[in-house]
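**Student:** Sequence:
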Amino acid sequence: MKSWLLAVCLVAGVTVVVGAARAQQASTLSLQEVLAATLAYHGEGEAEAADASAGAGILGGLPVLSALHVQSDLDRGTDETEVSLNLPVKSGLRRRLDNSLSGLETRLDQANRDYRAWYFSGLIRETVWAHRLASVQIEQARKRVQLLSELEARAELQVRAGATPEYSLLLTGQERLDAELLLADREAAQREAALRFQALTGLPTVPADIAETAPLPERPNYATHPRLMLLELGQAQSRAVAGLSEPQAANWNLALVARDFAGPAQDERQYGLAVDVPLGMLEVRNRGAESQKAAAQRDAARQRDEAQLEIRSQWQTLRSDEQRLRTRQRLLEESARLGEQIEAQLLSLRTGNEVEAELVLRRLIDVLDRRGELALIASEIHRNAARQRQTAGQSL
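According to our numbering, the sequence shown is numbered sequentially starting from 20.
These are computed hints drawn from the structure, not numbers from a lab.
Ideal Cβ positions, reconstructed from N, Cα and C, are used throughout, including at glycine.
Just so you know, not all the hints are guaranteed correct.
Estimated spans, in silico, between C-beta atoms of each pair [to be verified]:
(1) R238 to R321: 17 to 27 Å
(2) G141 to A320: 34 to 44 Å
(3) L378 to R347: 18 to 28 Å
(4) P234 to Q335: 17 to 27 Å
(5) L200 to R343: 52 to 62 Å
(6) L350 to A320: 41 to 51 Å
(7) G141 to E206: 23 to 33 Å
(8) L196 to N240: 51 to 61 Å
(9) A315 to R345: 44 to 54 Å
(10) R382 to E211: 26 to 36 Å
(11) Q348 to A315: 46 to 56 Å
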């Protein structure tokens, strides 16, 4: 039994050591490496690549072999046998459309890769900054608990000495418990962010360095935005596919014909060539097809307008929020400098008045909260910058 328990403990110990080493290694990754790991974790996410030479041939469909045999019921009649090979040949318009679709497939594959990188970049940015903000809040909550614990110990000594009433001790103890509850909530929020990161990336820990070195864009680039590019290329592909059904894109038909006539007088063999060419210069109006094409164009324009308007609106909101955060940061810095002086004065007070004791406690907590908000707002400014990069279309 002892040997079995020892073996289990050894295996568990090795597992813990390996897990810790893997976590330590993951914490040193850059955000670009995290993105690469995330894309690999979720697979390529691409459909089977189309053969680039699939549309390069001249045939517009499968060849058709036809055979015909006619038996005469007369004694001196002639029997006829015919064999034909029908080859559907692409028209000039169809060849151009096929070549266009082949090029669009290549561009769509690249656009899809760019879109996936941009999409997962947004999820990673939100997750790592949620974890970082929770870490900053935890640090501030711990400082609050520490301060209130010290004040509680001080109040207990003063109560024992008869310098202050028990009310101040009870009040400080209640505030300490509230601070510990707040700390527990923020630790839970950090664990939740860490779990979301693990589910998203497959990595055990959030990297320590989540700063981005790319310059902050001045405005979104709508011409190269991954979301708009994928939408535009998808619409171009739909238009090219719809063009294949146009009458002018109909295949030509080339037929190789061989006939054999067998009769009592003589046998005869004939060979020939037949060509069916649609007259594409004649205009054929199909109201139903034209209505569908117009509806598709309107829908495509609407989707692009909605996407571009959403991007522009998000960008303007983030820029406005950045200005608000920086203004608040400047004011909090001034408040923090005054708070240090206020804190020094408050801690030197010795009062037995319950109202004054409560006021001192509230003011100390307020000073600490403003100092914590100043630390938090710096991280919020960095998160805002990450969101601006995401909205502008920049991947990690």
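**Student:** Checked against the structure, which of the hints given earlier come out wrong?
**Tutor:** 2, 5
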